[in-house]
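Novice: Chain by chain, the residues run as shown.
Number of protein chains: 2
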Amino acid sequence: MKETNYTINDRLFGPYLERMNFLNEISIDYPDAVSFGSGRPDRRFFSVKDIVSGFLSAGEGDDFFDDLGQYNKTKGIINDTLSALLKNDEGIDADPGDIILTDGAQEGMVIVINTLFDLSSGDDVLLVSDPAYIGFVGYAKILGVPITAVRRNGDSIDLDYLEESIVRLRKEGKNPKVLYEVPDFHNPTGEYMPLERRKRLLDLAERYNFLIVEDNPYGYFRYDAEKIPTLKALDGNGRVIYLGSFSKTLFPSIRLGYLVAGQVIDHKGRRVELVEELKKTKSFTTVNTSTLLQAMAESYLKRQNFTMVPACAPKVEACRVNRDTMLGALAEHFSGIEGVKWNRPRGGFFMTVDLPFEMTDDLLKECVEKYSVIVCPMSFFCLEEGAGANQIRLAFSNRTEEEIREGIKRLSRFVRSR
Amino acid sequence: MKETNYTINDRLFGPYLERMNFLNEISIDYPDAVSFGSGRPDRRFFSVKDIVSGFLSAGEGDDFFDDLGQYNKTKGIINDTLSALLKNDEGIDADPGDIILTDGAQEGMVIVINTLFDLSSGDDVLLVSDPAYIGFVGYAKILGVPITAVRRNGDSIDLDYLEESIVRLRKEGKNPKVLYEVPDFHNPTGEYMPLERRKRLLDLAERYNFLIVEDNPYGYFRYDAEKIPTLKALDGNGRVIYLGSFSKTLFPSIRLGYLVAGQVIDHKGRRVELVEELKKTKSFTTVNTSTLLQAMAESYLKRQNFTMVPACAPKVEACRVNRDTMLGALAEHFSGIEGVKWNRPRGGFFMTVDLPFEMTDDLLKECVEKYSVIVCPMSFFCLEEGAGANQIRLAFSNRTEEEIREGIKRLSRFVRSR
Numbered sequence: 039m040k041e042t043n044y045t046i047n048d049r050l051f052g053p054y055l056e057r058m059n060f061l062n063e064i065s066i067d068y069p070d071a072v073s074f075g076s077g078r079p080d081r082r083f084f085s086v087k088d089i090v091s092g093f094l095s096a097g098e099g100d101d102f103f104d105d106l107g108q109y110n111k112t113k114g115i116i117n118d119t120l121s122a123l124l125k126n127d128e129g130i131d132a133d134p135g136d137i138i139l140t141d142g143a144q145e146g147m148v149i150v151i152n153t154l155f156d157l158s159s160g161d162d163v164l165l166v167s168d169p170a171y172i173g174f175v176g177y178a179k180i181l182g183v184p185i186t187a188v189r190r191n192g193d194s195i196d197l198d199y200l201e202e203s204i205v206r207l208r209k210e211g212k213n214p215k216v217l218y219e220v221p222d223f224h225n226p227t228g229e230y231m232p233l234e235r236r237k238r239l240l241d242l243a244e245r246y247n248f249l250i251v252e253d254n255p256y257g258y259f260r261y262d263a264e265k266i267p268t269l270k271a272l273d274g275n276g277r278v279i280y281l282g283s284f285s286k287t288l289f290p291s292i293r294l295g296y297l298v299a300g301q302v303i304d305h306k307g308r309r310v311e312l313v314e315e316l317k318k319t320k321s322f323t324t325v326n327t328s329t330l331l332q333a334m335a336e337s338y339l340k341r342q343n344f345t346m347v348p349a350c351a352p353k354v355e356a357c358r359v360n361r362d363t364m365l366g367a368l369a370e371h372f373s374g375i376e377g378v379k380w381n382r383p384r385g386g387f388f389m390t391v392d393l394p395f396e397m398t399d400d401l402l403k404e405c406v407e408k409y410s411v412i413v414c415p416m417s418f419f420c421l422e423e424g425a426g427a428n429q430i431r432l433a434f435s436n437r438t439e440e441e442i443r444e445g446i447k448r449l450s451r452f453v454r455s456r
Numbered sequence: 039m040k041e042t043n044y045t046i047n048d049r050l051f052g053p054y055l056e057r058m059n060f061l062n063e064i065s066i067d068y069p070d071a072v073s074f075g076s077g078r079p080d081r082r083f084f085s086v087k088d089i090v091s092g093f094l095s096a097g098e099g100d101d102f103f104d105d106l107g108q109y110n111k112t113k114g115i116i117n118d119t120l121s122a123l124l125k126n127d128e129g130i131d132a133d134p135g136d137i138i139l140t141d142g143a144q145e146g147m148v149i150v151i152n153t154l155f156d157l158s159s160g161d162d163v164l165l166v167s168d169p170a171y172i173g174f175v176g177y178a179k180i181l182g183v184p185i186t187a188v189r190r191n192g193d194s195i196d197l198d199y200l201e202e203s204i205v206r207l208r209k210e211g212k213n214p215k216v217l218y219e220v221p222d223f224h225n226p227t228g229e230y231m232p233l234e235r236r237k238r239l240l241d242l243a244e245r246y247n248f249l250i251v252e253d254n255p256y257g258y259f260r261y262d263a264e265k266i267p268t269l270k271a272l273d274g275n276g277r278v279i280y281l282g283s284f285s286k287t288l289f290p291s292i293r294l295g296y297l298v299a300g301q302v303i304d305h306k307g308r309r310v311e312l313v314e315e316l317k318k319t320k321s322f323t324t325v326n327t328s329t330l331l332q333a334m335a336e337s338y339l340k341r342q343n344f345t346m347v348p349a350c351a352p353k354v355e356a357c358r359v360n361r362d363t364m365l366g367a368l369a370e371h372f373s374g375i376e377g378v379k380w381n382r383p384r385g386g387f388f389m390t391v392d393l394p395f396e397m398t399d400d401l402l403k404e405c406v407e408k409y410s411v412i413v414c415p416m417s418f419f420c421l422e423e424g425a426g427a428n429q430i431r432l433a434f435s436n437r438t439e440e441e442i443r444e445g446i447k448r449l450s451r452f453v454r455s456r
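Line by line, the protein sequences give chains A and B. The first sequence lines up with residues 39 to 456 when you count with this note's numbering. The second sequence lines up with residues 39 to 456 when you count with this note's numbering.
Bear in mind the hints are in silico, worked out from the structure with no lab data behind them. Backbone N, C-alpha and C fix where the C-beta goes; we use that ideal spot for every residue, glycine too. Accuracy of the hints is not assured; some may be wrong.
Here are the simulated lysine-lysine pairs, BS3-like style, with alpha carbons at most 25 Å apart [stated by the list, open to error]: (1) A:K179 <-> B:K111; (2) B:K87 <-> A:K111; (3) A:K403 <-> B:K111; (4) B:K179 <-> A:K306; (5) B:K306 <-> A:K179; (6) B:K209 <-> B:K306; (7) B:K237 <-> A:K111; (8) A:K111 <-> B:K179; (9) A:K306 <-> A:K212; (10) B:K179 <-> A:K179; (11) A:K125 <-> A:K340; (12) B:K403 <-> A:K87; (13) B:K125 <-> A:K87; (14) B:K237 <-> B:K125; (15) A:K87 <-> B:K340; (16) A:K340 <-> B:K87.
In silico contact screen, one side only, chain B against chain A (beta carbon under 8 Å); selected entries [what the hints assert, rightly or not]: (17) T42; (18) Q144; (19) N152; (20) L154; (21) I180; (22) V183; (23) V302; (24) S321.
Which chain B residues face chain A? A few, computed with CB under 8 Å, are given here [unchecked claim]: (25) I46; (26) G52; (27) M58; (28) F103; (29) D104; (30) Q108; (31) N247; (32) D304; (33) F322; (34) T324.
Same shape as in the complex, but just chain A (with noise of 0.2 Å):
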C-alpha cells in the first residue's frame, strides 16, 4: 500500500496518548513477568456463564427475546432497576429518568465530555487532579479540551490548590467548568476522600459554578474503612454528575456503565434539564447501549434483590486479602531501602510506592526485562512536567497471593540495583 500525504488529528500523537500503548504492549511483550501493571478485575470471580444461563432460564419466550434484539430507548431499559440499586447501595435518589445507560463507564465519560465543552470557545477548562484515571483526561485531549491539572496532598485532591486555580483562571478569562475526580478509592493512587473534604468540594462547586463528574468504579471494593457517602449522595445542590460501572462488580464484557444527571440549567436563557441533552449526545454515540446485556443485568440484580453488596463481598475479601499481601511483602523486602515508601489504601484496586529515584521509560524496561515485573509509572497519569516522577502505581486486583510475594520480592532487587 502507497504511503498518501494526508492529516489527521494531531493531538493523537502527544506522548500522553501513547502511554496506554506501551502499556499494554509491555505486558503482551513479556508474558513471564509479573504484572501490577492493568487494573483488571479477578476472573476466577466472573461467573459469566451462570449469569447468561440463569438469564436464558429465566423462563421468557421467544418473543419476549426478539423483543430485546431490537433497536430500544436512548436512555435504556433497566433504569427502574438502576434506580433501585442506587438507592441501596448507595443512598443515592436518582429518578429513573434521570440515568443513562452506556457502553460501559467510558462511554459516560465520552459523553458527558461531548455534551458539557464548548471547543469553539476556548474558554472551557476541565480540572482534573494530577494524577488522575488516563481515560477521562485522554478523551479530554482527543478532541482538545483545555485542562487545568491540579496537584493531590495526600487523601484526595487538594482544595486549597483547587480554588486557588479556579481564582486564577477567571481573572485570566477562562471558564473552569467541570472538576473530574474518582473519591472512592482514587485511580491511580487508591486514596480515599474524607467526608469533610467532600463537602468542601460540594461548597466549591456552588460558590464557583462548576459541575463535578464523579466517577466510582470502585466504591463496592472498601476493606477496613467506615463507608463515606458519594458526593452525588451529599449533592443537595444539582452538582454531581455521577459515572457508575458493572465492569468490576459483574465483569468487564457486560460493558454497562451509567450516568446520572438530575441537573435542570439555565443556558443561555433556555431552562435545560441536562440528561435530555446527555441523552440526546448518546443517541449520537452508540444509538442505545445493548438492551440484551441491560436484561441481563436486570436479571442477575432482580435475583440479587437490587443489591450488589452479598454478590461482591467474596470479591472484595479478596481483593483485601491482595492488599494486604502485597504490604506484607513490601513490608519484608523492602525493609532498610532508604527513600521507599507506599500507602495504605482502604479500598480499591491500587497502591502507590515512592521510589528514591526517577521511573523513566528505560527504567522501566530495565524492571522489566531484567527482573521480570512490569509496575505503572505515576508519571504516566501525571499532566504537570515532572509530576509523579519518583512514584509508581501498584495494581494489585489480578494476581494470586503467591505473584504478588513474588513480584515485590522482584521489584525490591531491582530497587537495589539501582
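Mind docking chain B on chain A? Use the hints.
Specialist: This is chain B only, laid out in the frame that chain A set:
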C-alpha cells in the same frame, strides 16, 4: 431542584439535532398510527434466544466463558472471522489487523470523526450528500466539524457537483478531507450507486486527496439488482474506510459493527498506520467492544460457515415483498394525484416519495393526528435551506404487508386533503 446558570455545548440546540427526538417521540405519542418513520429491522427474524442458546451450548466450559468476561484487545477478538466474512460476502480483502470491532457502526463513526478531524484548524471540511444519514452528520455537528453538503442526482451523490465543491473549497483555503456516503441502498433515498460512478468517485478521492467513509448497513438487502462491488472492494489506493454492522443482518442489540482501514499515511512527515490511530481513539471511547457479544456473533458466524447470505435470504425476501407491496399500494392509491412520484429502490429499507407540497412540521403533525400515519420529511436529513422540502422518506422494513397497504391508503387521503 434549582436552576443554575451554566452553559453547555451550544451546538446541541440546533434544529438539526432536535429532529431525532421529534421523530422518536411522535411514534410514542401515537402508538396506533402506522409508522413508516424509522428503518428498523423486522423482529420476526431476530431469533435472539436461539443465537444466545447456540452460543451457550457450544460445549465450552466455565473457563472459556470467564476469559470472555475480561477486558480484551482494543481492536476486538473476532477479527479473523470478520476478515473471512468480508472476503466471502463482499469480496473485500481485509487483513484482520486492519479491522476494529465497534459498538455498532455508530461508534465507528465517532471513532472516525474523532481521529480524522483536527477541530482546532478550522480548515478541515466534511463532505456529505444532501440528504445524508443523520447519525454521521449529527455527531459531526455536535463536535463542530465544518460540513459541506453536496446535492444528489438520481442514483448517488452528484459527482460533478462534488468536484466543483472541492475545487471551490480548496480555493478558499479549506481542506475537504472526508466524504461520507452510503453507496448501497442509501439512507434516506434508497439509491444504489452505479459501478461507473463508484470508479469515478475513487478517482476523485485519489486526485483530490480525500478519504471516503463507506457506510454499508444495507448491502445484504438487495432485491432485483446485480451485485455492484463496494467502494472498498474496488479501492486500489487505500482511499476507503469501510463501516459494517450486524444490526440489520443479525439484530440491533448485538451492538456490533466494524470498521476496516488499512491506510498508511504520511502525517506531517510521520509514517502512520491509520488503523492504529483509530484503535487509539477506540480505547478512549469504549475501551473495547463486549467480547461476550463478539463471541456470540462469532459462534453464529461459524455455524453459518462465515457467510451471512443464506441466513439473510428470508429476511431479504420479506423486505422485497414489503417494497413491492408499498410500490403496489402507491400505484393504487396515488393514481391521478398530480405531482406525486416515487422511486423504486433496488434494495435497502427506504424509498423516496415526492409530494406536490412542502412537508412542514405542522403538516407532519396533521398527517399523524388526522390520518394516523407517520412519515419522515426528507428535509430532516438535509443541510441546505429548503432542500428535500417536498419529499418524504418511507421505511418499509418493519411493517406487515397489511399495515403497508393501510398506511399508504391513509397517506393518500392526507395528500388528497391538501
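Novice: Of the hints stated earlier, which fail here?
Specialist: 7, 12, 13, 22 and 26
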